[in-house]
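Undergrad: Each chain, written out:
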Amino acid sequence: SQQGEEDPQALSIQEGENATMNCSYKTSINNLQWYRQNSGRGLVHLILIRSNEREKHSGRLRVTLDTSKKSSSLLITASRAADTASYFCAVETSGSRLTFGEGTQLTVNP
Amino acid sequence: DAGVIQSPRHEVTEMGQEVTLRCKPISGHNSLFWYRQTMMRGLELLIYFNNNVPIDDSGMPEDRFSAKMPNASFSTLKIQPSEPRDSAVYFCASSLHNSPLHFGNGTRLTVT
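Line by line, the protein sequences give chains A and B. For what it's worth, this note's numbering labels the leading residue of the first sequence as 1, then goes sequentially. For what it's worth, this note's numbering labels the leading residue of the second sequence as 1, then goes sequentially.
Hints listed in this document are in silico derivations from the structure and should not be mistaken for laboratory results. On a predicted model such as this, the values are computed, not experimentally measured, just so you know. One should not assume that every hint holds.
Claimed, not checked - Stretches of chain B that chain A covers, calculated by requiring three or more beta carbons in the stretch to come under 8 Å of a beta carbon on chain A:
(1) 40 to 47
(2) 69 to 81
What the hints assert, rightly or not - Which chain B residues stay away from chain A? Per the calculated CB distances, all over 12 Å, these:
(3) 17
(4) 20
(5) 59
(6) 63
Don't be surprised by glycine CBs; every beta carbon is placed ideally from N, CA and C.
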């Protein structure tokens with residue numbers, strides 16, 4: 001299976017709740033990135049965490065990285081209806097190749 | 001900055017026709033990537049360029065696909081001849097010195 005597999009495939013929550021998405025990968029990485037994609041649009045970069053970092057915050061986003069387990073999680077706190085989108089993790093391996101997972105479809109209900 | 005600009009936004013063509021997708025990266029970015037997105041296969045890297053030179057084209061599915069970057073501000077992805085299984089959304093993205101990617105809004109290709 002490919003690098004950067006997200007879990008769950010789909011997540012539906014109520015506004016105000018937290019959303020957690022997970023990503024697993026298979027090989028050594030330089031960094032791991034999370035992107036967001038609204039329907040019919042291109043991907044937008046959210047946050048990057050390097051292989052020597054364990055946790056990173058950006059506004060309502062919190063990303064963790066566990067290189068021993070080859071996994072990462074993205075937490076969106078106090079979700080809003082506007083957070084509804086697909087979220088992708090991407091791993092950068094040697095040669096600067098960025099490989100994306102299949103994404104988690106997040107639906108935030110008002 | 002206008003971001004990465006792709007054209008056309010939609011392309012409908014018949015099997016066997018040549019298709020050319022175009023991309024203008026963000027000014028000053030030195031890396032350019034072509035991705036293809038389908039429901040079945042997700043996002044696949046087709047090819048990427050660094051300083052206008054193709055670095056990795058291992059994702060190009062067949063010889064029917066070719067990509068060029070004649071200068072720092074323009075790239076094309078060509079499919080000749082096109083087939084129905086090429087139907088997908090094709091994204092171009094650019095970056096500066098391996099920083100995060102900036103994506104265009106894609107070209108939705110339908111081959112009938």
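Undergrad: Against each hint, give a clear statement of whether it holds in the structure.
TA: To see whether the hints hold, each was checked on the structure:
1. Under a criterion of three residues with beta carbons nearer than 8 Å to beta carbons of chain A, the stated coverage of the stretch 40 to 47 of chain B is upheld, 3 such residues being counted.
2. For the stretch 69 to 81 of chain B, the stated coverage by chain A is violated: 0 residues have a C-beta nearer than 8 Å to a C-beta of that chain, whereas at least 3 were required.
3. Every beta carbon of chain A lies more than 12 Å from that of residue 17/B, the smallest distance being close to 24 Å; the non-interface claim holds.
4. Even its closest Cβ contact with chain A, about 19 Å, leaves residue 20/B beyond 12 Å, as expected for a residue assigned away from the interface.
5. Not every beta carbon of chain A lies more than 12 Å from that of residue 59/B, the smallest distance being close to 9 Å; the non-interface claim is violated.
6. Listed as outside the interface, residue 63/B is consistent with that label: its C-beta sits roughly 22 Å from the nearest C-beta of chain A, beyond the 12 Å cut-off.
Figure legend: structure checked against the earlier numbered hints; hints not met, in rising order: 2, 5.
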